[in-house]
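Trainee: Each chain, written out:
There are 2 protein chains.
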Amino acid sequence: MRLSRYFLPVLKEDPSEASIASHRLMLRAGMIKQAAAGIYSWLPLGFKVLKRIEQIVHEEQQRAGHIPMLMPTLQSADLWRESGRYDDYGDEMLRIKDRHGRDMLYGPTNEELITDIFRAHVNSYKDLPLTLYHIQWKFRDEVRPRFGVMRGREFLMKDGYNFDLTKEDALHAYNRHLVSYIRSYERMGLQAIPMRADSGPIGGDDTHEFLVLAETGESEVFYDSAVTDIRLGARDIDYDDVAQCRGVMEEFTALYARTDETHDETVFAQVPQDRRRSARGIEVGQIFYFGTKYSDPMGASVVGPDGTRTPVHMGSHGIGVSRLLGAIIEANHDERGIIWPEGVTPFHVGIVNLKQGDDQADAACDMLYSALVAKGLEPLYDDREERAGGKFATMDLIGLPWRITVGPRGLKTGVVELTSRRTGESVEMTPEAAVARLAEIYAQTQG
Amino acid sequence: MRLSRYFLPVLKEDPSEASIASHRLMLRAGMIKQAAAGIYSWLPLGFKVLKRIEQIVHEEQQRAGHIPMLMPTLQSADLWRESGRYDDYGDEMLRIKDRHGRDMLYGPTNEELITDIFRAHVNSYKDLPLTLYHIQWKFRDEVRPRFGVMRGREFLMKDGYNFDLTKEDALHAYNRHLVSYIRSYERMGLQAIPMRADSGPIGGDDTHEFLVLAETGESEVFYDSAVTDIRLGARDIDYDDVAQCRGVMEEFTALYARTDETHDETVFAQVPQDRRRSARGIEVGQIFYFGTKYSDPMGASVVGPDGTRTPVHMGSHGIGVSRLLGAIIEANHDERGIIWPEGVTPFHVGIVNLKQGDDQADAACDMLYSALVAKGLEPLYDDREERAGGKFATMDLIGLPWRITVGPRGLKTGVVELTSRRTGESVEMTPEAAVARLAEIYAQTQG
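These protein sequences, in sequence, are chains A and B. If you count by our numbering, then the first sequence holds residues 1 to 447, one letter each, in order. If you count by our numbering, then the second sequence holds residues 448 to 894, one letter each, in order.
If you are wondering where the hints come from, they were derived from the structure by calculation, not from laboratory data. All C-beta atoms, glycine included, are put in the ideal place defined by N, C-alpha and C. Incorrect hints may have been included.
Derived PhoX-like pairs (lysine-lysine); straight-line CA-CA distance at most 25 Å [what the hints assert, rightly or not]:
1) Lys-459/B - Lys-126/A
2) Lys-33/A - Lys-48/A
3) Lys-355/A - Lys-48/A
4) Lys-33/A - Lys-573/B
5) Lys-495/B - Lys-822/B
6) Lys-97/A - Lys-859/B
7) Lys-480/B - Lys-459/B
8) Lys-375/A - Lys-51/A
9) Lys-480/B - Lys-498/B
10) Lys-51/A - Lys-495/B
11) Lys-614/B - Lys-573/B
12) Lys-498/B - Lys-51/A
13) Lys-495/B - Lys-126/A
14) Lys-126/A - Lys-33/A
15) Lys-355/A - Lys-544/B
16) Lys-126/A - Lys-167/A
17) Lys-498/B - Lys-48/A
18) Lys-802/B - Lys-859/B
19) Lys-375/A - Lys-822/B
20) Lys-48/A - Lys-544/B
21) Lys-614/B - Lys-126/A
22) Lys-459/B - Lys-822/B
23) Lys-802/B - Lys-498/B
24) Lys-97/A - Lys-126/A
25) Lys-573/B - Lys-544/B
26) Lys-33/A - Lys-544/B
27) Lys-33/A - Lys-51/A
28) Lys-480/B - Lys-495/B
29) Lys-48/A - Lys-495/B
30) Lys-48/A - Lys-12/A
31) Lys-495/B - Lys-97/A
32) Lys-355/A - Lys-12/A
33) Lys-614/B - Lys-12/A
34) Lys-544/B - Lys-126/A
One side of the interface only, derived from the structure: several residues of chain B facing chain A at Cβ under 10 Å [to be verified]:
35) Met-448
36) Ala-484
37) Tyr-487
38) Trp-489
39) Ile-514
40) Asp-525
Extracted from the complex, chain A is given alone in its bound form (with noise of 0.2 Å):
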């Protein structure tokens, strides 16, 4: 994408609405407008990272076995009379009138229409396991919506729901999205580690959220610092496989972790003096079992092997896919801007023309940019007339995780500036070779 026909509407100034580094960034940006109170417009670039997380995701719920759908944001409120969830909701949920005077309801999470789903075509064991999901628009009316995409009212959500013959086989779904989640986390760059959490208005005994440590977090925990240094990292991982799942489950939930919701001073006195630590986190995930405490009432259930009917075991599995890009500009910035991490860029790299209009830097440029979509990466090239001082500082705040510089300087010798937005690190080489670079780079972030 050349600047001069993109959409970066970047603020100058910091915006006085905002109290924490994402929400100032997002806006400065140009990433997101607020629309009313909580509720946002996606920008260009905000919606391209937007996209980026929302694919992670997508690929790797599907890895694990888990079929897409999209169930629609407007519900009927009689299916949560049904599990006895519209009373007991709360003023959270938005609820609606439609013209005829129905009652309904902007979905805050979908266990009720799934389970209908359910319901209305399963009926033989022989078809579970089975486990939806989807990506779609959630609205919670909070009283006070703030910190940007970290706490609004209309956010994006994935949400999973899992529908097993036995408990155990439920874990093992329980387990499967632990360790899908967590892959999808250190795709994008973030530590997200599972502690044992409460379950709230969605029941159930066994759940875990999924916490980025951060200053700004709205959660109290406290963990072993030992949980830190635990990662998924590149191994083969067979969804199918209910012991190697375990495995991964128990490794990353055996240390103590937990939020201040769970947390319990007399086990935490058990972990090493060194090793205690009490930290904010924000919340970019949670899985649940609540085995039948929606197909129970709703009556979602399968004839077993021996002929009798059974109530079907569930859970659910949700990410926080629009509250992530708050969470990961949490974790990845310094005071210049942004710092994506590779695997959730907007853009692969920039490319910043130091004398726009100068025929070999514009040609360099030109070819520079073909060489690397052809390497299936996607530039931002700066092709405005403005002083280089603008331009790094444009690509600093944007945050684009390499940039590289082409000046008449460099050209004399047949070389551009490749530059690491994090450590700020540059290097002279050829342009052939900056694209090698690039390309050997972003191959490793593939999934």
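Since the structure of chain A is provided, determine the placement of chain B on it from the hints.
Mentor: Frame of chain A, contents of chain B only:
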């Protein structure tokens, strides 16, 4: 995808609530399930087609230089009061009060919101031309929703908005949209004829609707039959070439083609009698030029080259993404089910194993599956233990354009059968030849 692991709840009986073919077939093929009146869940097969259509629209819009972003589903009523449409819009607008009693609405379209974004961020003619678009769920509270996704209440639409300094530039944007829309429809295997239409609540003088001819269409249309011979085909389009885009627009709109809203018997009478047609059509898109209708009252202006401030010239342009599934099926089905055009099919080919459990047949299917995936194709492999007739009926119903049938008898002489869903024609060939043939067919559907 192996069918044994998929969620494809086909129905044996025709559902009573469906009066037209696309609605009936989408329910029977397990593509959608009604969640409330005019509101649907997209089951996995339906979701896949929806994504294919969305992808084509994204690709063709970006090819035309239009920039993707995303606006929220809910909007504040304030902006609509500013444009004067809040009271005008009538009962189809879903009005909502949030917990603080603020007036909100579920956006039926986005002229106000995009104009607000524009005026906040763009100040100079140098930032023009600019066309922004998004693909987002909309809501129109139809008094009598019907025909499945063809006239639903919650529906997915692409809407794009151009901002230009002059009327001339805005008309070029209009033509760019016309050309990119025709290319999108053709990639979906559809002929959608641009017809002079009425502007309705959007406003403006210049507008064309795109109509797919179909008996079940809701609009009456009148046209010169020669208009159905015009194709864009594979010709190279340079979307920056004003004359070329205008030429295509003139080519496609020179002949008589109007909806009943703008039909004029006197003009129609000048069409040679043997070419005069009246028929029914399904509207799948509409483009508008409306000048300064929104930019004037909302103060969306730029400083021009001469230093004076002028309101921008705008247009808006929509494609009914979810409704297109219905239109495509209305135009492509027979008594046995759907017949997907190659450009939008949910899976590229079905594999039917005639003797599941037979070592040789299973191995041949597994090899075929891997070979197709290696070519970048997505097969749906019916690996269930069911009789051949049932497997064929399912494949015919869900309408994959190609089927490979694998059975012990053919394997004895080293062949499988490749069958066209559209013609019913079957050809025996080696598995390798079938894979090569399919790769060749689908290479031609790439954008």
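Trainee: Decide, hint by hint, whether the structure agrees.
Mentor: Do the hints match the structure? See the list:
1. About 19 Å separates the Cα atoms of Lys-459/B and Lys-126/A, which keeps this hinted pair within 25 Å; it holds.
2. Taking the CA atoms of Lys-33/A and Lys-48/A, the gap is about 15 Å. The hint holds against a cut of 25 Å.
3. For the hint pairing Lys-355/A with Lys-48/A, the CA-to-CA distance comes to about 28 Å; that exceeds 25 Å, so the pair is violated.
4. Only pairs whose Cα atoms come within 25 Å are accepted, and Lys-33/A paired with Lys-573/B is accepted, the gap being roughly 22 Å.
5. Restraint check: the Cα-Cα separation between Lys-495/B and Lys-822/B comes to about 19 Å, which is no more than 25 Å; the hinted pair holds.
6. Our distance criterion of 25 Å between C-alpha atoms is broken by Lys-97/A and Lys-859/B, whose separation comes to about 64 Å.
7. For the proposed pair Lys-480/B and Lys-459/B, the alpha carbon gap of about 15 Å is at most 25 Å, so the pair holds.
8. Between Lys-375/A and Lys-51/A, the direct Cα distance comes to roughly 20 Å. Compliance with the 25 Å bound is thereby established for this hinted pair.
9. Under the criterion of a C-alpha separation no larger than 25 Å, the hint pairing Lys-480/B with Lys-498/B is consistent with the structure, at around 17 Å.
10. Distance hint between Lys-51/A and Lys-495/B is fulfilled; the C-alpha atoms sit about 17 Å from each other, no more than 25 Å.
11. This hinted pair checks out: Lys-614/B and Lys-573/B have alpha carbons roughly 16 Å apart, not beyond 25 Å.
12. For the proposed pair Lys-498/B and Lys-51/A, the alpha carbon gap of about 13 Å is at most 25 Å, so the pair holds.
13. Using a Cα cut-off of 25 Å, the hinted pair Lys-495/B and Lys-126/A holds, with the two alpha carbons roughly 24 Å apart.
14. For the hint pairing Lys-126/A with Lys-33/A, the CA-to-CA distance comes to about 48 Å; that exceeds 25 Å, so the pair is violated.
15. Straight-line distance between C-alpha atoms of Lys-355/A and Lys-544/B comes to about 54 Å, which puts the hinted pair past the 25 Å bound.
16. A C-alpha spacing of about 16 Å is found between Lys-126/A and Lys-167/A, which places the hinted pair at or below 25 Å, so the restraint holds.
17. Straight-line distance between C-alpha atoms of Lys-498/B and Lys-48/A comes to about 17 Å, which keeps the hinted pair within the 25 Å bound.
18. The hinted pair formed by Lys-802/B and Lys-859/B meets the criterion: a straight-line CA distance of about 14 Å does not exceed 25 Å.
19. Simply put, Lys-375/A and Lys-822/B have alpha-carbon atoms about 19 Å apart, close enough for the 25 Å limit, and the pair holds.
20. A C-alpha spacing of about 31 Å is found between Lys-48/A and Lys-544/B, which places the hinted pair above 25 Å, so the restraint is violated.
21. Distance check on the hinted pair: Lys-614/B and Lys-126/A sit about 63 Å apart at the alpha-carbon level, beyond 25 Å; violated.
22. At roughly 34 Å between alpha-carbon atoms, Lys-459/B and Lys-822/B are farther apart than 25 Å, so this suggested pair is violated.
23. Simply put, Lys-802/B and Lys-498/B have alpha-carbon atoms about 33 Å apart, too far for the 25 Å limit, and the pair is violated.
24. At most 25 Å may separate the alpha-carbon atoms for a hinted pair to count; Lys-97/A and Lys-126/A exceed this at roughly 40 Å.
25. Simply put, Lys-573/B and Lys-544/B have alpha-carbon atoms about 40 Å apart, too far for the 25 Å limit, and the pair is violated.
26. Note on Lys-33/A and Lys-544/B: the hinted pairing holds, with a Cα-Cα distance of about 22 Å set against a maximum of 25 Å.
27. Restraint check: the Cα-Cα separation between Lys-33/A and Lys-51/A comes to about 17 Å, which is no more than 25 Å; the hinted pair holds.
28. Taken as a hint, the Lys-480/B and Lys-495/B pair is honoured in the structure, with Cα atoms around 15 Å apart against an allowance of 25 Å.
29. At most 25 Å may separate the alpha-carbon atoms for a hinted pair to count; Lys-48/A and Lys-495/B meet this at roughly 21 Å.
30. For the suggested pair Lys-48/A and Lys-12/A, the alpha carbons sit about 22 Å apart, so the restraint of at most 25 Å is met.
31. A threshold of 25 Å between alpha carbons decides the hint, and for Lys-495/B with Lys-97/A the separation of about 31 Å lies outside it, so the pair is violated.
32. Simply put, Lys-355/A and Lys-12/A have alpha-carbon atoms about 23 Å apart, close enough for the 25 Å limit, and the pair holds.
33. Taken as a hint, the Lys-614/B and Lys-12/A pair is broken in the structure, with Cα atoms around 32 Å apart against an allowance of 25 Å.
34. Between Lys-544/B and Lys-126/A the CA atoms are separated by roughly 45 Å; this puts the pair beyond 25 Å, and the hint is violated.
35. The beta carbon of Met-448/B is positioned within 10 Å of a beta carbon in chain A (closest approach about 9 Å), and the interface hint is therefore held.
36. The restraint placing Ala-484/B at the interface with chain A holds, with a minimum CB-CB distance near 8 Å, inside the 10 Å limit.
37. About 6 Å separates the beta-carbon of Tyr-487/B from the nearest beta-carbon of chain A, less than 10 Å, and the hint is met.
38. Hint status for Trp-489/B relative to chain A: holds, with the closest Cβ pair at about 4 Å, below 10 Å.
39. The beta carbon of Ile-514/B comes within 5 Å of a beta carbon in chain A, closer than 10 Å, and the hint placing it at the interface holds.
40. Using the Cβ-Cβ criterion of 10 Å, the hint placing Asp-525/B at the interface with chain A is satisfied: the shortest such distance is roughly 8 Å.
Of the numbered hints stated above, those contradicted by the structure are hints 3, 6, 14, 15, 20, 21, 22, 23, 24, 25, 31, 33 and 34, listed in ascending order.
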